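The residues making up each chain are set out below.
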Amino acid sequence: MKNKAVLVLGARSDMARAIALAFAQAGHRIQLAARNADNLSGDRDDIALRHNVDVTIHDFDVLDTPSFDGFIQALPELPHIVICAVGLMGEQEENARDMTAASRVMRSNFEGPALILSEFANRFESRGSGTLVGISSVAGDRGRATNYIYGSSKAGFTAFLSGLRNRLAKKGVHVVTVLPGFVATKMTEGMDLPEKLTAAPEEVATAVRRAVEVKRNVIYTRPIWRLVMFIIRAIPESIFKKLNI
Amino acid sequence: MMLSGWGQFPKHEATEVAPRTEEAIKERVALGKAIPRGNGRAYGDSAVSSTNTINMRHFDRMISFDETTGQLVAETGVLAADIIAAFLPRGWFLSVTPGTKFVTLGGLIAADVHGKNHHVVGGFGNFVDWIDIMGADGQVMRCDRSTNAETFAWTIGGMGLTGVILRAGIRLLRVESGWIRQTTIPTKNLEDTMDAFERSNGATYSVAWIDCLSRGARQGRSLLILGEHAGLADLDNKRAEKPFDTRSKRSLSVPFHLPSVLMNGATVRAFNSLYYWNGCRNAGESLVDWDSYFYPLDAILDWNRIYGKRGFAQFQCVLPLDASRAGMAVLLREVARAGAGSFLAVLKRLGPQDSRISFPMEGYTLALDFPVKPRTLKLMKTLDAITIDHGGRFYLAKDSRMQADTLRLSDDRIDGFTQMRSSNAYNTAFQSEQAKRLKI
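Residue numbers (the working numbering), protein chains in the order written: chain Z, 1 to 245; chain Y, 1 to 440.
The set of hints was computed from the structure by calculation and includes no laboratory data.
Model, not experiment: these values are computed from the prediction.
C-beta atoms are modelled at their ideal positions from N, C-alpha and C, and glycine is treated no differently.
Some clues are possibly wrong.
[Claimed, not checked] Heads up, simulated SDA-like pairs for lysine to any residue below, C-alpha to C-alpha not over 20 Å straight-line:
hint: 1; chain 1: Y; residue 1: Lys242; chain 2: Z; residue 2: Ala26
hint: 2; chain 1: Z; residue 1: Lys186; chain 2: Y; residue 2: Met1
hint: 3; chain 1: Z; residue 1: Lys196; chain 2: Y; residue 2: Thr187
hint: 4; chain 1: Z; residue 1: Lys186; chain 2: Y; residue 2: Pro19
hint: 5; chain 1: Z; residue 1: Lys170; chain 2: Z; residue 2: Asn217
hint: 6; chain 1: Z; residue 1: Lys186; chain 2: Y; residue 2: Thr15
hint: 7; chain 1: Y; residue 1: Lys373; chain 2: Y; residue 2: Arg337
hint: 8; chain 1: Y; residue 1: Lys101; chain 2: Z; residue 2: Glu195
hint: 9; chain 1: Z; residue 1: Lys186; chain 2: Y; residue 2: Val17
hint: 10; chain 1: Y; residue 1: Lys309; chain 2: Z; residue 2: Glu195
hint: 11; chain 1: Z; residue 1: Lys186; chain 2: Y; residue 2: Arg57
hint: 12; chain 1: Z; residue 1: Lys196; chain 2: Y; residue 2: Asp302
hint: 13; chain 1: Y; residue 1: Lys242; chain 2: Z; residue 2: Asn52
hint: 14; chain 1: Y; residue 1: Lys33; chain 2: Y; residue 2: Ser64
hint: 15; chain 1: Z; residue 1: Lys186; chain 2: Y; residue 2: Lys242
hint: 16; chain 1: Z; residue 1: Lys242; chain 2: Z; residue 2: Asn147
hint: 17; chain 1: Z; residue 1: Lys186; chain 2: Y; residue 2: Lys373
hint: 18; chain 1: Z; residue 1: Lys196; chain 2: Z; residue 2: Val228
[Said to hold, decoys possible] Label-pair distances were calculated between CB atoms; the ranges are:
hint: 19; chain 1: Y; residue 1: Ser286; chain 2: Z; residue 2: Gly27; range: 29 to 37 Å
hint: 20; chain 1: Y; residue 1: Ser253; chain 2: Z; residue 2: Gly27; range: 25 to 33 Å
hint: 21; chain 1: Y; residue 1: Lys26; chain 2: Z; residue 2: Met99; range: 19 to 27 Å
hint: 22; chain 1: Y; residue 1: Ser423; chain 2: Z; residue 2: Gly70; range: 52 to 60 Å
hint: 23; chain 1: Z; residue 1: Arg104; chain 2: Y; residue 2: Glu241; range: 50 to 58 Å
hint: 24; chain 1: Z; residue 1: Asp54; chain 2: Y; residue 2: Ala240; range: 27 to 35 Å
hint: 25; chain 1: Z; residue 1: Asp61; chain 2: Y; residue 2: His257; range: 48 to 56 Å
hint: 26; chain 1: Z; residue 1: Asp61; chain 2: Y; residue 2: Ala24; range: 19 to 27 Å
hint: 27; chain 1: Y; residue 1: Arg375; chain 2: Z; residue 2: Asp192; range: 37 to 45 Å
hint: 28; chain 1: Z; residue 1: Asp54; chain 2: Y; residue 2: Ala329; range: 40 to 48 Å
hint: 29; chain 1: Z; residue 1: Val214; chain 2: Y; residue 2: Lys11; range: 25 to 33 Å
hint: 30; chain 1: Y; residue 1: Lys26; chain 2: Z; residue 2: Pro76; range: 35 to 43 Å
hint: 31; chain 1: Z; residue 1: Gly27; chain 2: Y; residue 2: Lys436; range: 45 to 53 Å
hint: 32; chain 1: Z; residue 1: Thr188; chain 2: Y; residue 2: Asp322; range: 52 to 60 Å
[To be verified] Here are a few chain Y residues that sit away from chain Z, every Cβ distance over 12 Å (derived from the structure):
hint: 33; residue: Ala18
hint: 34; residue: Arg61
hint: 35; residue: Ser64
hint: 36; residue: Ala74
hint: 37; residue: Gly138
hint: 38; residue: Arg145
hint: 39; residue: Glu176
hint: 40; residue: Asp245
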């Protein structure tokens with residue numbers, strides 16, 4: 001699999017850049033989309049230079065849902081692979097107090113990503129091919145006091161991806177759910193993360209590319225998180241509600 | 001957090017931030033006593049500031065490449081490994097490379113690294129067309145050999161003490177393949193080794209692994225390893241079809257610090273003998289891929305852990321040509337007498353180099369590493385004195401334990417460097433733990 005067009009939504013994040021580089025390395029054309037796309041030109045040149053592939057940049061605002069159709073029309077071609085790496089963590093304390101902040105987190109992690117992938121899903125379905133990748137989070141596996149606004153919106157996104165996969169499985173369109181645990185990125189800078197549980201963005205990127213290539217459905221990065229979250233989900237609610245985790 | 005160089009000695013409690021914008025670097029520089037850090041491959045404390053280490057890892061974009069001149073423009077956090085990965089498949093290689101590819105472009109410039117081809121082409125600095133550097137006032141200045149030439153000259157080999165190098169234009173080397181024609185020449189003793197070096201002055205690459213524990217008539221016996229970039233005509237049909245496809249190797253990793261008792265006189269002696277005899281068995285010509293030829297140690301990730309938790313120290317000096325034979329003999333005698341031979345002892349003929357503050361000079365350089373112990377630290381002091389007696393000097397990218405007066409005795413350019421630093425306010429803006437220790 002080579003020479004496909006790959007669209008990365010939310011291309012400014014460390015993880016998205018690593019993912020774009022990983023797909024470019026495999027010889028794919030890259031479309032980078034984010035707000036203020038102009039200042040992605042450094043990344044565009046870097047990826048193009050390193051891997052000798054075409055890279056284009058496109059303005060995209062996940063909160064501006066009415067713009068989605070025009071955004072897709074304006075792409076140089078309908079991509080074969082779409083990776084949605086949009087996400088916003090916010091501050092849980094602020095999210096819990098302030099409806100506007102909470103709404104922004106919910107819309108950025110669930111509404112926007114789900115709607116844009118829906119748009120691509122319909123087009124991919126009529127074409128009969130394509131891969132959709134959603135970067136969700138292990139935080140969506142169970143709501144916790146420390147980040148349940150973020151976590152619940154990711155939970156919604158995970159459920160959306162699951163449903164989309166079910167719908168498109170017989171239509172030639174594949175859906176990959178990526179559940180990263182801790183990743184050393186700008187989002188987590190300054191946090192004291194356990195080394196064994198923390199992946200580098202490049203590690204996630206390679207895992208995502210592999211998942212697309214071999215059509216995995218749900219991947220955890222690092223894989224140890226599958227076990228960690230299994231245990232966390234298994235704790236009875238009566239006990240879980242009293243824990244500080 | 002505790003921060004150190006590749007040798008894991010000395011360790012300093014240090015503050016390290018990784019800015020993402022030039023504005024953020026400027027704010028750090030304004031705090032003073034800043035030192036930029038690349039991938040931390042200098043052995044000692046060159047890239048550690050206890051109060052203000054600026055990690056450049058987010059400045060890792062390549063900017064442009066000119067196919068006609070071979071000029072690559074890139075941010076200085078880009079790794080040599082990335083440059084090779086991107087450009088070797090298109091027929092370009094680094095014009096000068098050190099013994100590891102896990103070093104940043106900023107590090108290559110700041111240490112003005114030399115490679116196995118120094119006797120022919122000089123240091124890495126010769127292939128730097130220009131740099132963008134942030135000075136003490138936070139302003140970014142484009143420097144080359146005619147504009148801001150003073151800053152340019154002092155920055156090549158200036159160990160990050162003249163500002164933060166943000167971007168550079170460097171020239172790559174055209175190659176026809178990823179293969180090296182290697183010739184291994186076993187030699188009997190030091191005299192023999194140096195004769196072989198002088199006879200091989202026309203070879204593009206040359207370096208000798210030296211058995212530093214053999215004594216008497218065999219003192220200085222070596223494997224002199226020469227190399228040439230293989231052209232298409234040197235390859236068989238299968239390789240010539242895909243001349244840059246040199247199968248990537250699996251790397252091993254040292255998963256934890258080995259107990260330091262493993263590195264004792266007996267094991268090192270055994271290793272050195274085995275290595276020498278194995279080299280003798282494989283003497284002559286062979287075709288080797290670029291990774292194995294230039295970066296054999298990179299295949300063992302985290303190899304610095306073999307020396308145990310206390311870390312290790314490198315000793316690397318260069319002696320002027322006319323004092324090399326006598327001086328190297330004394331150095332080797334002292335090492336063998338102490339029985340503290342290092343796994344990796346490297347001897348290399350350097351060519352002439354005219355630069356402000358860079359390490360190389362025409363002569364011979366010897367590099368040794370030792371586990372950090374009171375005994376080896378004492379030995380290295382003795383080696384310092386022998387070097388100074390023979391008019392030699394030391395490589396700051398390897399140093400972790402020298403004293404300020406030793407440096408001054410060995411290198412009369414240091415006073416000029418410190419004066420230059422203070423007249424540009426670099427001395428308050430930029431300071432590594434090494435600069436503090438050496439009073440640069």
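- Task: Hints the structure violates: just list their numbers, smallest first.
- Result: 3, 8, 14, 15, 17, 21, 28, 29, 33, 34, 35, 36
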